[in-house]
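When you get a sec, could you build the whole thing from the sequences and use the hints?
Chain by chain, the residues run as shown.
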Amino acid sequence: MKHFLFAFFLMTLSFLYVSNLVWAQEQKISPLSIEKFKALPIMHEGRLKPIETFAQAELVRFSGKQSFEHQDATTWLAHTVFDPATASNDRIFKIENSEIRHLMGLEERKKPLYAFTELTKGLQKTFPTVEQLINVPKQNLSSEQTALLTLHENALEYTQLLRSLSLLLPLNVDLPDQYKEEINPETVNYLVLKKHAIDIEDSIRNIIDTKGNNPETYSEKEQRIAILGLQIRTIESAAEGNSLFRVIPSPINDGDYLAPWELIQSGQATWESSPVIKEWELLAQSWRETDTTTWNKTTQSLLNQAKIKTTPELLYNKIKPFQTSLIFYAFSFLLALASITFHHKRSLSWLSIFAAIIAITLEAGGVCTRIIVLNRPPVGTLYESILFVGLVAPLFALLMEWRMKNLLGLLSAGFVGTTIGLLALSMADEGDNMKVLSAVLNTQFWLTTHVLCITIGYGWCLVTSVIAHMLLLGQALGRLTKDIIKNLQHAQNTLAITALLFTATGTILGGIWADQSWGRFWGWDPKENGALLIVLWLVWIIHSRIAGQFTSTQATMGYAFLSVIVGTAWIGVNLLGVGLHSYGFTEGLFWGLGLFTLLEAGLITTLSLIIRKKTLA
Amino acid sequence: MQAIWTSLQKIGLRLARPDILFWVLPLMMALLILGTVAQKNIGLYAAQEEYFGSFYTWIGPKTFTIPIPAGLTIMGIFLVNLTCKFLFRSEWSWQRSGSILSHFGVLLLVFGGVMTALTSQEGFLMVGQGDQSNIVEDYHSRNLVVYDTEGRPFVTIPHENLHDALRIELPTMPVTLTIDKYCFNCSISMRPQSEQEGWHSPGNRMMLNKAPADSTDEKNLTGIEFTINGAKDEDINGKYLTFVGFPKPPVLDIDDEQTITIELERAKRPLPFAVKLIRFERDMHPGTDMASAYTSWIKIIDEETGNNFPAKIEMNEPLRYRGFTLYQSSFDLNGDKPHTVLAVVNNKGRIFPYLASLIIALGLIIHLVIRLTGLKKSTHKEEAAR
Amino acid sequence: MKNAAILIIFILLGAILTLWLDNASPPEIKSVPITAQERVPLSHLPDFEITDINGKLFRTSENRGEKLILNFWATWCAPCVVEFPKLVKLAKDNPDITILFLSSDTNQEAISRFLEKQSPETKETLRNKNIIVAKDNKGKITADIFQTYKLPETLIISSTGTLAHKIVGDTDWNGEEIKSILRDLD
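So the sequences go chain by chain: A, B and C.
Numbers 56 to 672, taken from our numbering, label the letters of the first sequence in order.
Numbers 2 to 387, taken from our numbering, label the letters of the second sequence in order.
Numbers 174 to 359, taken from our numbering, label the letters of the third sequence in order.
Hints are computed from structural coordinates only; laboratory data are not their basis.
These numbers come from a predicted model, not from an experiment.
A portion of the hints provided could be inaccurate.
With a Cα cut of at most 30 Å, we get these calculated DSS-like pairs of lysine-lysine [said to hold, decoys possible]: (1) K582(A) with K41(B); (2) K333(A) with K323(C); (3) K235(A) with K313(C); (4) K249(A) with K290(C); (5) K308(C) with K333(A); (6) K249(A) with K339(C); (7) K249(A) with K265(C); (8) K276(A) with K313(C); (9) K193(A) with K211(B); (10) K149(A) with K120(A); (11) K250(A) with K323(C); (12) K323(C) with K276(A).
This is the structure we're talking about:
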């Protein structure tokens with residue numbers, strides 16, 4: 056009991072410490088509270104999300120980081136849309152390629168971050184090159200050319216951001232006298248001017264008729280009118296097709312959200328949308344004037360009108376469940392190792408279990424949140440399947456621990472949780488990784504049955520592989536008693552059959568899905584072949600062990616090699632770029648997988664040779 | 002009689018031994034890897050045919066290829082092994098029931114695969130909004146078809162039989178067609194001035210060139226350049242070209258009464274009923290260009306049975322009727338009206354994977370349960386013995 | 174042999190199932206649904222008042238319970254000018270619908286001149302009680318309330334005061350689509 060309480064106390068302490076690290080608020084520069092603004096919904100990449108997710112995705116896209124100069128992403132975004140003139144001096148464009156920096160005429164800095172205003176000249180200069188590059192197929196481009204293209208695309212996206220609210224931000228104009236009565240020069244914006252646009256155009260036409268096209272011949276008054284007309288047209292044409300900042304709910308099409316410019320230009324505005332535009336005007340104004348009362352009132356009002364509650368996703372962003380759980384898995388692994396080393400010290404093993412449980416709970420919460428936010432089973436993309444396996448594999452390992460009671464299951468849980476957590480971290484999509492699915496994957500039933508079954512199967516396979524590695528390592532080091540070996544072997548064999556159950560059923564379910572959707576049960580598609588490979592491998596080892604063609608150690612080697620087989624089937628097949636499951640070639644992934652295969656093969660062979668020597672001796 | 006039966010049993014028992022499986026499985030796994038990697042270069046369809054749909058294939062560098070057994074051989078041995086095991090070496094007992102069931106399930110699955118390979122027919126049906134069609138076009142087979150005056154095909158030659166210098170005599174007509182150039186995949190370029198002699202329009206302005214086969218089989222543009230001899234009107238004789246999807250196939254008046262049309266087309270099969278497209282819908286994820294769903298609202302018009310009924314076909318939800326299954330495969334929104342492309346499959350072996358899956362899953366579950374509860378039994382015994 | 178029998182039985186079972194499914198009756202769908210547009214339950218048309226070109230005051234609040242077509246136009250807008258007489262004819266054919274022509278012209282004379290140039294039929298119909306022609310005051314209604322910045326735009330309001338349709342740009346007022354919209358209008 057003492058041990059238990061002590062462990063619990065230590066655990067809580069460390070939890071609080073770690074959580075403070077992860078969840079601490081970024082230092083605020085602006086006195087305005089971002090909390091409610093973060094929660095406002097915006098339509099982006101096919102789904103409604105909180106502005107915070109959008110801000111983070113955009114900032115990561117430009118700068119590679121989720122914060123800017125100690126401000127969180129949402130503050131940066133607010134600054135960009137409400138105060139574009141100042142914001143365009145923010146150094147947010149990361150240009151890592153030195154050739155590109157040279158091409159754009161940029162100065163060298165410790166951190167290669169540049170402001171948009173510094174890039175404009177270089178962008179203009181390189182534009183003709185980019186025009187040609189657009190027509191070249193992607194695989195034929197060098198990495199420099201791709202980097203240049205990406206920079207231009209990012210710059211374009213950034214200009215859309217800058218101009219998102221240009222229709223309602225105050226303009227610095229010299230108002231001609233006849234308008235000074237009706238228009239307040241402090242608050243004049245495009246929308247106000249547009250009402251008088253026809254008048255202004257008429258005046259300009261008269262001026263041109265009487266004085267011709269040369270502005271130098273105009274009087275000061277006439278010049279002011281001409282400039283005003285030009286300003287209106289410039290703002291309008293610059294905002295053509297600006298549909299990035301989709302925060303205004305469409306009054307005409309339910310569920311659709313529009314960018315302010317899009318709303319005005321497409322004619323979808325009605326009397327319902329004008330108060331909303333007015334509120335965004337107020338937001339911009341209160342931001343620039345740091346008017347806390349109006350800011351809070353307006354953000355609250357907009358939040359009340361929001362049709363969805365973005366709280367689950369905001370919580371997810373804050374807690375970062377899959378990064379936090381990684382830390383706890385690492386703790387759990389180290390504690391389990393320590394416990395084993397120090398003769399199964401109870402306090403350490405309890406701590407380890409707690410850490411593992413916290414990690415699993417975090418992951419489970421993360422997965423559930425993803426289900427709620429995306430409204431579909433949590434296994435639609437490769438990244439999501441990694442997250443899911445990262446949840447179930449440690450769970451299965453803990454189950455084995457419950458049966459074996461020798462701390463090796465616990466050790467496996469921590470190990471598997473950490474490695475898969477690291478894998479997920481490296482495979483995470485930049486920016487927003489909660490994606491909507493294409494039509495063929497857009498089916499709740501088959502995602503739930505086939506994909507879940509296969510990923511659970513992968514989970515079992517990985518745990519089998521870890522236990523097998525432990526058997527090999529333990530026997531090679533001479534650290535395992537006969538009883539433990541027997542225990543582990545039995546566990547391993549049960550795990551293997553369970554893995555076979557899930558992978559075989561999952562593969563067959565995949566075939567049935569294919570039959571229902573495309574008319575053929577089996578098409579020798581790379582992903583199908585990969586899944587079959589796992590099944591055949593398991594069948595081969597299981598059969599050969601039972602029928603006697605493989606010794607116990609050889610079977611264990613086979614099970615240990617499952618890690619490579621699963622890695623190839625799961626991630627490797629995507630490298631081929633063919634078939635229904637392809638996600639495209641990533642060079643790093645290819646070499647990583649190859650290296651992993653070699654290392655594993657080397658490790659397993661070496662361990663088995665050591666064991667052989669030991670048994671012969 | 003008894004002797005024959007005994008020797009059969011002996012053979013059967015030998016063929017049922019697990020050592021065969023021990024060697025077959027790694028071969029199959031190696032083939033899987035080879036056949037999958039090959040798809041990157043030669044495409045899915047070609048790799049399927051070469052590695053999985055044939056009895057043997059060649060591997061190795063160009064100067065030193067060696068034959069290896071391919072899908073049909075390996076799966077054939079597997080099937081024999083599994084069948085013999087089931088027939089000769091599977092004594093039913095509670096302990097082994099799970100295992101025997103799963104094996105039986107796999108046997109049914111492979112048998113279903115054989116039925117599919119023998120009876121399955123795939124193709125696609127493309128129909129525009131408001132139109133109806135009952136013609137299913139094959140994805141891969143192409144034919145050279147010569148149509149007579151009434152529009153009936155009277156010469157059909159599959160593309161595999163076409164080659165350069167092939168001379169085709171048209172029955173009941175004095176005309177011969179000689180293929181000068183056959184390309185499975187053609188690229189089109191302008192015909193240089195110097196070579197335009199003897200060509201009929203538009204072959205005088207464009208020419209076909211042999212191009213390497215595309216890895217996506219359906220994308221290959223098959224075409225021929227050919228010479229006509231023997232027409233009554235000397236102007237009709239000369240050089241022509243045609244290819245799959247050519248909007249103006251050569252139409253020749255070979256004498257006063259007969260007109261022929263020469264076309265290269267995908268092999269066509271009629272369905273016993275017609276499909277009319279009433280409306281095609283595509284939903285997009287808001288603000289993106291990614292489709293979230295496709296739906297075809299159709300009407301089946303079956304004159305043979307008299308069934309006329311409306312139906313909905315969408316992604317992941319096909320229509321099954323009279324042994325045919327129609328899937329939402331693709332669409333074309335480029336023309337004056339939307340066209341839907343439905344995949345049409347006719348497969349007599351389609352029920353077996355479903356039967357087999359149930360049996361396999363059942364067998365594995367039973368085996369696992371027996372094993373888990375069996376362990377408890379034996380640990381109790383062990384403890385009692387101590 | 175038992176197992177041989179089992180095998181044969183299952184193959185036969187498969188064959189029978191296949192045959193049975195081949196001849197099964199098709200699924201029941203009664204008819205193809207007409208595409209339904211997802212409509213937002215909208216709020217009521219905001220009340221405003223406007224003085225028509227003859228000086229008479231028109232209040233939308235007094236028009237409640239009546240169907241309304243609100244057409245934003247101007248004499249300098251070419252498509253507006255083309256569709257004006259067609260809309261007037263529509264008003265004549267549908268006396269139960271009020272049509273308010275709200276112009277963004279800055280100058281009332283331009284409107285009067287434009288109306289003078291209309292055909293005698295149109296001028297006659299313009300006297301009908303269900304037609305109101307008015308000039309907006311510096312976009313206070315067109316832009317500020319309705320957020321219309323491009324012309325023409327037309328709002329079709331049901332008798333309950335909610336928006337039934339918004340037509341952006343000009344359209345064929347005599348066409349089938351408009352006819353069916355007006356038929357369904359309650």
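Hint-by-hint comparison with the structure:
1. K582(A) with K41(B): holds (13 Å)
2. K333(A) with K323(C): holds (19 Å)
3. K235(A) with K313(C): holds (17 Å)
4. K249(A) with K290(C): Roughly 29 Å between the alpha carbons, so the hint for K249(A) and K290(C) holds.
5. K308(C) with K333(A): OK: K308(C) and K333(A) at ~24 Å, within 30 Å.
6. K249(A) with K339(C): Status holds; Cα separation ~21 Å.
7. K249(A) with K265(C): With a Cα-Cα distance of about 34 Å, the restraint between K249(A) and K265(C) is violated, given a limit of 30 Å.
8. K276(A) with K313(C): holds (26 Å)
9. K193(A) with K211(B): holds (26 Å)
10. K149(A) with K120(A): Between K149(A) and K120(A) the Cα gap is close to 9 Å, so the pair holds against 30 Å.
11. K250(A) with K323(C): holds (10 Å)
12. K323(C) with K276(A): holds (28 Å)
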